[in-house]
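Q: First residue of the sequence shown? That's 1 in UniProt numbering, and the numbers climb one at a time after it.
Where hints are given, some of them may not hold.
[What the hints assert, rightly or not] Within a straight-line C-alpha distance of at most 35 Å, the following computed DSBU-like cross-link-like pairs (lysine-lysine) qualify: (1) Lys191 with Lys259; (2) Lys52 with Lys82; (3) Lys91 with Lys169; (4) Lys61 with Lys91.
It should be emphasised that the hints constitute simulated quantities derived from the structure, not laboratory data.
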Amino acid sequence: MSSRNMTIMIIVALLVFVGSNSLYVMKETERGVLLKFGEVVNPDIQPGLHWKIPFVNNVRKFDGRVLTVDSQPERFFTQEQKALIVDSYAKFRVKDTTKFYTATNGEEARAMGLLSQRINDGLRNQVAVRTIQEVVSGERDQLMIDLAELLNDVALTELGVELVDVRVKQIDLPPDVSESVYRRMNAEREKEAREHRSQGQELAEGIEAAADREVTVIKANAYRDAEQIRGSGDAEATRIYADAFNQDPEFYSFTRSLKAYQESFQGQGDVLLVQPDSEFFRYLKDSQGGK
Numbered sequence: 001m002s003s004r005n006m007t008i009m010i011i012v013a014l015l016v017f018v019g020s021n022s023l024y025v026m027k028e029t030e031r032g033v034l035l036k037f038g039e040v041v042n043p044d045i046q047p048g049l050h051w052k053i054p055f056v057n058n059v060r061k062f063d064g065r066v067l068t069v070d071s072q073p074e075r076f077f078t079q080e081q082k083a084l085i086v087d088s089y090a091k092f093r094v095k096d097t098t099k100f101y102t103a104t105n106g107e108e109a110r111a112m113g114l115l116s117q118r119i120n121d122g123l124r125n126q127v128a129v130r131t132i133q134e135v136v137s138g139e140r141d142q143l144m145i146d147l148a149e150l151l152n153d154v155a156l157t158e159l160g161v162e163l164v165d166v167r168v169k170q171i172d173l174p175p176d177v178s179e180s181v182y183r184r185m186n187a188e189r190e191k192e193a194r195e196h197r198s199q200g201q202e203l204a205e206g207i208e209a210a211a212d213r214e215v216t217v218i219k220a221n222a223y224r225d226a227e228q229i230r231g232s233g234d235a236e237a238t239r240i241y242a243d244a245f246n247q248d249p250e251f252y253s254f255t256r257s258l259k260a261y262q263e264s265f266q267g268q269g270d271v272l273l274v275q276p277d278s279e280f281f282r283y284l285k286d287s288q289g290g291k
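Model the full structure from these sequences, guided by the hints.
A: Here it is in structure tokens:
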């Protein structure tokens with residue numbers, strides 16, 4: 001290879017090297033800053049193809065999409081000094097590229113770490129002024145709204161990021177107090193169950209007493225009505241008997257004597273001692289009854 005060809009190849013290689021270090025592309029999903037000897041000279045590079053001076057300018061690119069920082073669960077104390085384990089996360093994106101670069105050196109991991117610390121500090125302050133009931137259910141949404149408003153200004157001022165949202169994923173009791181809380185809740189539920197059972201027993205006894213009283217009244221009324229009906233029937237039967245027997249008193253006396261004879265001599269070993277001229281043998285002596 002001649003020296004001329006070698007020189008041409010070297011020039012071409014230099015041109016390719018300078019061209020590759022002079023041109024860069026900024027994507028739609030990226031944010032970036034243009035540096036000149038480490039100083040920010042363009043904090044808002046627009047998407048597209050751009051050029052820079054090799055060895056003088058440098059470009060730092062950041063992800064411009066919404067990012068997620070997942071904080072580690074932390075122990076916080078409520079207003080009544082009850083411990084809670086709170087697990088949270090936040091959504092953010094780069095807003096002020098100059099502030100973001102100077103605060104984090106353009107490192108997303110460092111930005112997430114700093115933002116996570118501020119979220120935990122904000123959560124600690126918000127939980128400390130609320131009761132455990134308010135944190136768990138009563139004012140949980142309001143807690144996140146207040147925290148997002150407070151942290152958004154801090155995050156933008158200190159880190160150059162916009163806080164899109166802050167959410168609490170889970171709230172748990174620490175393991176060392178979960179058992180005692182469970183026992184207390186169990187005792188409260190048992191107490192409530194006993195109260196319900198005693199109220200039910202009292203109500204049942206009242207219903208049973210009312211039913212027994214009603215049964216007694218119904219039976220008494222039924223017995224009274226039955227006795228009245230029975231008395232009326234007996235009176236009617238007596239009247240009918242009396243009317244029937246008054247039509248022939250002698251026949252009635254005769255049938256009564258026969259019935260007395262039948263009942264007196266039912267057993268084979270029965271013995272009856274009476275006077276022969278007793279009234280008992282009236283119809284045995286004379287079928288006409290002495291007439």
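Q: Which hints from the list above does the structure break, by number from lowest to highest?
A: Hints 1, 2 are the ones this structure does not satisfy, whereas the remaining hints hold.
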